[in-house]
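Undergrad: One letter stands for each residue in the lines below.
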Amino acid sequence: MTDNSYLIEEFLDGSLKSKGIQLFLQQKEKDLRFAEEYALRLEINEAIQDRELTEFREMLDDQRSRFAKKSPYLTARREVLKSWHLAAASFSLVVVAGGLWYILSNQSSSTDKIVSKYYKPASPGMQMRSAKINTEESLKEAFSLYRENNFESALIYFNTIGNQVTAKFYSGICYIELKDYKKAIESFEYIVEDNDNLFVEQSEWYLGIIHLMNKQTDEAIVQFNKISNSDSYYADQAKDILSYLD
Amino acid sequence: MQELTAQEILSGLRDKNRKVLDFIYEDQYYRIRNFVTRNSGTGEDAQDVFQDAILVIFQKLRKEEITLECSFGTYLYSICRLLWLKQLKMKSQTKAFIEDTDDTVKLDDSLDVIHDKNERYNLYLKHFDKLSYNCQKILELFLARISSKEIARVLGLKSEQYVKKRKHICKEKLVESIKSDPEYIYYMNNNNFHKLKKL
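From first to last, the protein sequence lines stand for chains F and P.
Going by the working numbering, the first sequence runs without a break in its numbering and finishes at 248.
Going by the working numbering, the second sequence runs without a break in its numbering and finishes at 435.
These aren't lab readings, by the way, just hints derived from the structure by calculation.
Just so you know, even glycine gets a beta-carbon here, dropped at the ideal spot from N, CA and C.
One should not assume that every hint holds.
Some chain P residues flagged as far from chain F (calculated, every beta-carbon gap over 10 Å) [unchecked claim]:
#: 1; residue: D344
#: 2; residue: S368
#: 3; residue: D417
Examples of chain P residues lying across from chain F (beta carbon under 10 Å, computed) [stated by the list, open to error]:
#: 4; residue: V349
#: 5; residue: K353
#: 6; residue: Y369
Taking lysine to aspartate or glutamate and the EDC-like style, the derived pairs with C-alpha atoms no more than 20 Å apart in a straight line are [what the hints assert, rightly or not]:
#: 7; chain 1: P; residue 1: K400; chain 2: F; residue 2: D5
#: 8; chain 1: P; residue 1: K255; chain 2: F; residue 2: D5
#: 9; chain 1: P; residue 1: K353; chain 2: F; residue 2: E38
#: 10; chain 1: P; residue 1: K299; chain 2: F; residue 2: E12
#: 11; chain 1: P; residue 1: K401; chain 2: F; residue 2: D5
#: 12; chain 1: P; residue 1: K385; chain 2: F; residue 2: D5
#: 13; chain 1: P; residue 1: K366; chain 2: P; residue 2: E376
#: 14; chain 1: P; residue 1: K373; chain 2: F; residue 2: E60
#: 15; chain 1: P; residue 1: K362; chain 2: F; residue 2: E45
#: 16; chain 1: P; residue 1: K353; chain 2: F; residue 2: E39
#: 17; chain 1: P; residue 1: K299; chain 2: F; residue 2: D15
#: 18; chain 1: P; residue 1: K373; chain 2: F; residue 2: E54
#: 19; chain 1: P; residue 1: K373; chain 2: F; residue 2: E48
#: 20; chain 1: P; residue 1: K353; chain 2: F; residue 2: D5
#: 21; chain 1: P; residue 1: K353; chain 2: F; residue 2: D63
#: 22; chain 1: P; residue 1: K409; chain 2: F; residue 2: D63
#: 23; chain 1: P; residue 1: K353; chain 2: F; residue 2: E57
#: 24; chain 1: P; residue 1: K252; chain 2: F; residue 2: D63
#: 25; chain 1: P; residue 1: K403; chain 2: F; residue 2: E60
#: 26; chain 1: P; residue 1: K252; chain 2: F; residue 2: E54
#: 27; chain 1: P; residue 1: K362; chain 2: F; residue 2: D5
#: 28; chain 1: P; residue 1: K400; chain 2: F; residue 2: D15
#: 29; chain 1: P; residue 1: K415; chain 2: F; residue 2: E38
Okay, chain P solo, but in the shape it has when bound (with noise of 0.2 Å):
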């Protein structure tokens, strides 16, 4: 496999390159996954923490570039650190002692700002892929800006003022759905879910 530069990775990744992609994976994912075993995880925490620090880099890249002053490897570590980290407080591990596996490169805010984003994300999708068919595409389309008229003719419903009302319905039982969700639950209460955005 060929070697690439942190700024070729960057770029990968930014494009959804899959062979960038496989590169990082093979290339990184023992060295995450020997961090997180070490730190009392498994390697499936690993592959959680690995995906996460990925999903991290990549939407901070559709913000904005990012400038690295250390390899690829050690930024990518620095996120998983932060993001198990993150882990073992909520799992009320505080005391865990976490033996370092490689070099860390200081983080900026942001990055944590966004895997929360991502985890409620995360979240609002998971209940979302739970709603009917129907359900979905409504909301998808009325998020497209897609007319009432044209929804009901391409999903088969009887009249516009039938699809506003599905429409409302859907979005109700996916709120309701998502609120009732205990991880929902946990992270309100620990206030550091869901975080007012001034708006």
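Only chain F is shown next, with the shape it has when bound in the complex (with noise of 0.2 Å):
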């Protein structure tokens, strides 16, 4: 130990007599370095005391290592949805957890069986991240239709505001909840041609379900196969899908 450090130590500890302070502070005040020294020995002794802390991190430790036990997938909430990302990955996690043991265990039964038991809309919450500001309260009206599962009102709002990404990937959406899988194909098929939003790969996977819903199987595979190929969130779901779909 430096007589440096011994003394920095000695002044942490209290321990120091009125001319060792005065020592002391006269050696902070001149060297940087001491300075520096003492600076980062007592943030030593702060950490080390800081126990809430430790408490808090040990907290966070424990729930990541709760939730990595669960599949990545299962972490999205699938009660209170509050964005359609969140909506898409729990759509996958029922498709794949749920419909695809459906598929193999009743071979017969339609693709739109398994979507209608399984799907579910959700409450968007986050539905202004790529709108902007003037869109905003006609978004906010055809937000509040649509909670109500008035989807034909909220179809009129969404489609008021024009091709604004964020109405057209939720009037997709909702031609999904009407049934009318052409026009949600045109949604979603404009939302990725445009391909400079943030709902590309929700619509790509999409895509992929209303292909199941129509039981066009041979697009479902095709859609699934461009997004297992590419680095898509769905990527790994999509490929779940096939090797039941091949």
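Dock chain one against chain two, each of which comes alone in its own frame, and use the hints as you go.
TA: Given below as structure tokens:
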């Protein structure tokens, strides 16, 4: 231990007498390295003493390991979904976890049964992430109606907004709900072609799902192949689906 | 799961409420994962960033009230974004294009400072954990202002003088261990790790 570090530690321990304290303060004032050394040692002490922070870190570590045991897709909430990112994740979860079991165990069942059994619309909470401010009120109204499962009226509002991607995306979901798959495909294809927005991956995914709903297995395979060969979030789920469709 | 307001979430975080922590994870983690993995990161990176951001908020809450003018999700996302950008810079991926996957909010500079401090604490505690049990206990008890005599009694050491000597040895071992860590050296060299505090 150097004289400096000894002096610093004695100061931190409260062991210095008045003369020693004076010497310490003078040294800290004139010597930058000494001052830095003091700051480091003081902060180390603070870190060791901060039991609350340590406890909180342990809680976070524990949480991390608890959730790591689940599938990453299980971490998406299923009861109160707040975004269509989550909605899509949740939807993919039920399709993969439940729907594929259904396919396997009941080959004669049509895919629309699977989807109708597991598909449920979620309440959007992050609808504004790609929206411009001036469309906010219209979207609010649209989502208000959407939350009431009034998809027809919601569509009217979404459609008045025009080709804004957020509105387009949710209009696609409305069309799914209304079983107007042709228009749903148009909406999602618009988003995919635009390719400069945040809904592309989800739209690709829903296009695949719509093909399943339409019993267009060949088209569904093409679509899920496209997803599985990309770096999409849904690539793994798409592969799972393909393994059952092939 | 019950929906929580931003204020309820912040209050729960401050109280280290496990249910609130789980709510945040289930409600928000996917968004963060989506952002990080779209911006040159892995799922593991996303976990780290998410955890660091929660720690930053927790530390800020310990100091002062947080009043949000946006959703908690936007606030958390913005912090994660800030932390991930720092990581990318550290990895010299400064040219990496950041693709935002959510709305952001302007953050005050204190969050960056808190994060830097958390990182330093992390490093210190990593090395503290490597010390022997006795070393750890001696340092902890010293810092709790327990007398050398009592420490000697509790840990079964032969004398007060020996306790003091051991304390100095343990502390020096810890400081040297920290200083020799490449992470510490890296940050020191880049002058953005251990900033001298005005004391």
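Undergrad: Can you give the numbers of the hints that this structure goes against, from lowest to highest?
TA: 4, 6, 8, 10, 12, 17, 20, 22, 25 and 27
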